[in-house]
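> Throw the hints in and build the complete structure from the sequences for me.
Spelled out from the first residue to the last, the chains are:
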Amino acid sequence: MIEANAVYVIVAREYKRFVRERTRLVSAIARPLVWLFLVGGGMSRLVPVKGGLSYMQFIFPGILGMTILFSAIFSSISIIWDKEFGFMKEILVAPISRFSVVVGKAMSGMLLSTIQAAVILAFFPLLGLDVGFFQIIGCLAVCLVLAFAIAAFGIVLASFYESYESFSVIMNFIVMPMFFLSGAMYPVKLMPSILQFFARLNPLTYGIDALKHLIFPLEKGAMSADFTLAADISVMAVAALVFVLLGGKAFERKG
Amino acid sequence: MIRVENLVRKFGGITAVDGINFDVEDRTIFGFLGPNGAGKTTTINILCTLLAPTSGKAFINGHDCHTESSEVRKDIGIVFQDNSLDKDLTARENLVFHAHLYGVEKAQRMARVEDALKFVDLYGRADDLVKTFSGGMKRRLEVARGLIHRPKVLFLDEPTLGLDPQSRANLWEFITDLPRRHEVTIFMTTHYMEESEVCGMIAIIDKGRIIASGSPQQLKNTVGGDVVYLKTSDNRKAMEEIRGLFHVEPAEKDGEIFITAQKGDDFVPEVIRRLSERVLAVRMQKPTLNDVFLKLTGKEIRDETVAAGDDIKQMVRAYRRRSDRG
Numbered sequence: 001m002i003e004a005n006a007v008y009v010i011v012a013r014e015y016k017r018f019v020r021e022r023t024r025l026v027s028a029i030a031r032p033l034v035w036l037f038l039v040g041g042g043m044s045r046l047v048p049v050k051g052g053l054s055y056m057q058f059i060f061p062g063i064l065g066m067t068i069l070f071s072a073i074f075s076s077i078s079i080i081w082d083k084e085f086g087f088m089k090e091i092l093v094a095p096i097s098r099f100s101v102v103v104g105k106a107m108s109g110m111l112l113s114t115i116q117a118a119v120i121l122a123f124f125p126l127l128g129l130d131v132g133f134f135q136i137i138g139c140l141a142v143c144l145v146l147a148f149a150i151a152a153f154g155i156v157l158a159s160f161y162e163s164y165e166s167f168s169v170i171m172n173f174i175v176m177p178m179f180f181l182s183g184a185m186y187p188v189k190l191m192p193s194i195l196q197f198f199a200r201l202n203p204l205t206y207g208i209d210a211l212k213h214l215i216f217p218l219e220k221g222a223m224s225a226d227f228t229l230a231a232d233i234s235v236m237a238v239a240a241l242v243f244v245l246l247g248g249k250a251f252e253r254k255g
Numbered sequence: 256m257i258r259v260e261n262l263v264r265k266f267g268g269i270t271a272v273d274g275i276n277f278d279v280e281d282r283t284i285f286g287f288l289g290p291n292g293a294g295k296t297t298t299i300n301i302l303c304t305l306l307a308p309t310s311g312k313a314f315i316n317g318h319d320c321h322t323e324s325s326e327v328r329k330d331i332g333i334v335f336q337d338n339s340l341d342k343d344l345t346a347r348e349n350l351v352f353h354a355h356l357y358g359v360e361k362a363q364r365m366a367r368v369e370d371a372l373k374f375v376d377l378y379g380r381a382d383d384l385v386k387t388f389s390g391g392m393k394r395r396l397e398v399a400r401g402l403i404h405r406p407k408v409l410f411l412d413e414p415t416l417g418l419d420p421q422s423r424a425n426l427w428e429f430i431t432d433l434p435r436r437h438e439v440t441i442f443m444t445t446h447y448m449e450e451s452e453v454c455g456m457i458a459i460i461d462k463g464r465i466i467a468s469g470s471p472q473q474l475k476n477t478v479g480g481d482v483v484y485l486k487t488s489d490n491r492k493a494m495e496e497i498r499g500l501f502h503v504e505p506a507e508k509d510g511e512i513f514i515t516a517q518k519g520d521d522f523v524p525e526v527i528r529r530l531s532e533r534v535l536a537v538r539m540q541k542p543t544l545n546d547v548f549l550k551l552t553g554k555e556i557r558d559e560t561v562a563a564g565d566d567i568k569q570m571v572r573a574y575r576r577r578s579d580r581g
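Chains as they are written, first to last, in the working numbering: chain A, 1 to 255; chain B, 256 to 581.
Derived from the structure by calculation, the hints contain no laboratory data. Just so you know, not all the hints are guaranteed correct.
Heads up, simulated BS3-like pairs for lysine-lysine below, C-alpha to C-alpha not over 25 angstroms straight-line [to be verified]:
#	chain 1	residue 1	chain 2	residue 2
1	A	K16	B	K265
2	A	K89	B	K265
3	B	K550	B	K312
4	A	K16	B	K361
5	B	K508	A	K89
6	B	K342	A	K16
7	B	K475	B	K265
8	A	K83	B	K342
9	B	K508	B	K462
10	B	K541	B	K475
11	B	K329	A	K83
12	B	K373	B	K386
13	A	K249	B	K329
14	A	K89	B	K550
See the structure below:
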């Protein structure tokens with residue numbers, strides 16, 4: 001059972017905290033831009049332009065995915081902070097279902113991450129990309145689904161940890177590998193088969209792949225999308241559903 | 256309003272709560288006393304539906320705390336031992352969040368929040384972030400929050416822990432007033448014995464068992480009465496006389512005679528009137544709840560090493576972490 005009032009108020013709280021924390025906002029926007037222009041710009045000289053795309057243009061969908069990955073995971077991991085600083089108790093004794101809490105948290109991650117991704121998406125003209133209005137709408141829709149799936153995954157992760165010391169473990173052993181094994185920086189089809197195996201298990205891969213479809217639909221070469229758009233969307237939708245159910249399960253356990 | 260029957264809660268090999276029973280009447284203040292690690296917080300967590308009992312039952316307003324947790328949650332407000340406010344939100348935002356969470360109707364929401372802020376004297380600071388508040392202000396805000404949804408029972412777990420004496424006094428004044436003003440039953444825990452004087456009923460818990468219960472006066476009567484100290488012109492003669500007149504056994508220490516009397520208030524004028532020796536000075540000491548605990552367990556409640564309590568807390572925490580994963 002999901003209580004709308006609970007979901008609404010949990011999202012509202014996260015939003016308030018988000019806009020109040022200026023430094024978090026700035027760094028959330030700055031990180032992807034650093035990757036896009038410093039890494040992407042540098043690598044563009046190394047990677048020869050074969051088809052129509054420069055390397056910087058190629059990683060743009062990946063950078064959008066990165067924005068969502070970091071902010072959605074961060075948003076969900078804040079559950080560990082809430083546990084540590086006691087606020088989670090206030091939520092857990094309220095007359096609302098655990099599932100509402102999970103959905104509320106996942107929706108917070110979804111909305112906040114998509115707002116950040118939208119800011120990054122606005123940089124497309126600087127990269128010489130031509131993205132039409134309907135493509136932009138499509139990209140935002142993909143971002144919403146992807147962000148919900150990643151945020152729900154983050155909630156499942158957060159349920160395993162009690163203190164924020166585990167934050168760096170999650171960052172180094174889960175978030176960074178997820179990023180590099182997502183086809184963000186290099187096409188999945190060029191990976192060694194063992195890495196391809198892991199990339200195919202990674203929900204982020206399909207989100208980034210869907211964005212590639214929408215941002216450069218005409219690309220044909222090595223830098224083109226790896227799967228069909230239909231496959232991308234269905235995998236993400238299934239992942240979102242599975243993780244939110246697992247998250248609900250993880251929350252329902254009593255000591 | 257609250258009923259607990261043979262409640263047991265074990266954490267692995269440790270029995271934190273060992274078969275306790277009690278009843279709390281509507282609109283009274285019930286004090287749950289005991290040293291750190293005695294099982295107070297475990298009991299609260301069971302009553303608040305956060306923890307399942309190993310065996311036994313607990314009811315609030317007729318609802319089972321384990322099987323009807325959502326009914327119970329609507330009827331209770333809680334002020335936890337550790338602060339559970341969102342420090343990055345303002346006082347008002349914390350209260351509005353709570354009102355939403357408990358489904359308070361839109362028409363009443365803002366009025367109740369305003370009332371609560373005025374009630375705890377934080378109206379002037381309503382739009383300041385909670386992280387700028389003092390310990391006493393945070394605690395008052397938490398009490399206000401716990402009342403927003405008009406609960407039938409308000410739990411206060413060590414409400415004065417970590418507060419300075421003045422804030423403590425203020426908070427007590429305010430808590431004492433709650434049952435009348437908000438038609439609410441208060442269930443509080445504390446390990447400061449003197450603070451539980453405000454309670455209508457008290458249960459003392461030690462090592463997971465209730466070792467005594469009753470009103471503060473009843474409990475203090477079990478100590479055996481008041482201690483009266485007398486200084487007279489001739490203590491030895493006076494003691495002889497007292498033995499004869501009152502059939503009690505006086506003793507002498509540091510130039511003072513001391514006598515344990517059932518009713519010190521009546522005994523003092525009587526002894527002054529009937530004694531032929533001149534009484535130079537009189538003082539009387541009422542037994543405190545600390546004396547009660549001392550008598551029951553042979554140790555001071557505060558002497559109970561904090562470390563021992565913390566050890567149990569830590570073991571329980573470690574156990575819960577393991578079982579959470581399993």
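> For each hint, tell me whether it holds in the structure or not.
Going down the list of hints, with the structure as the test:
1. A/K16 to B/K265: 41 angstroms, violated
2. A/K89 to B/K265: Within the cut-off at roughly 21 angstroms; holds.
3. B/K550 to B/K312: 30 angstroms, violated
4. A/K16 to B/K361: Holds, at roughly 20 angstroms.
5. B/K508 to A/K89: Violated: B/K508 and A/K89 sit about 53 angstroms apart, past 25 angstroms.
6. B/K342 to A/K16: 12 angstroms, holds
7. B/K475 to B/K265: 32 angstroms, violated
8. A/K83 to B/K342: 13 angstroms, holds
9. B/K508 to B/K462: 35 angstroms, violated
10. B/K541 to B/K475: Holds, at about 8 angstroms.
11. B/K329 to A/K83: Roughly 22 angstroms between the alpha carbons, so the hint for B/K329 and A/K83 holds.
12. B/K373 to B/K386: Holds: B/K373 and B/K386 sit about 19 angstroms apart, inside 25 angstroms.
13. A/K249 to B/K329: 23 angstroms, holds
14. A/K89 to B/K550: Given pair A/K89, B/K550 is violated - Cα atoms ~37 angstroms apart, limit 25 angstroms.
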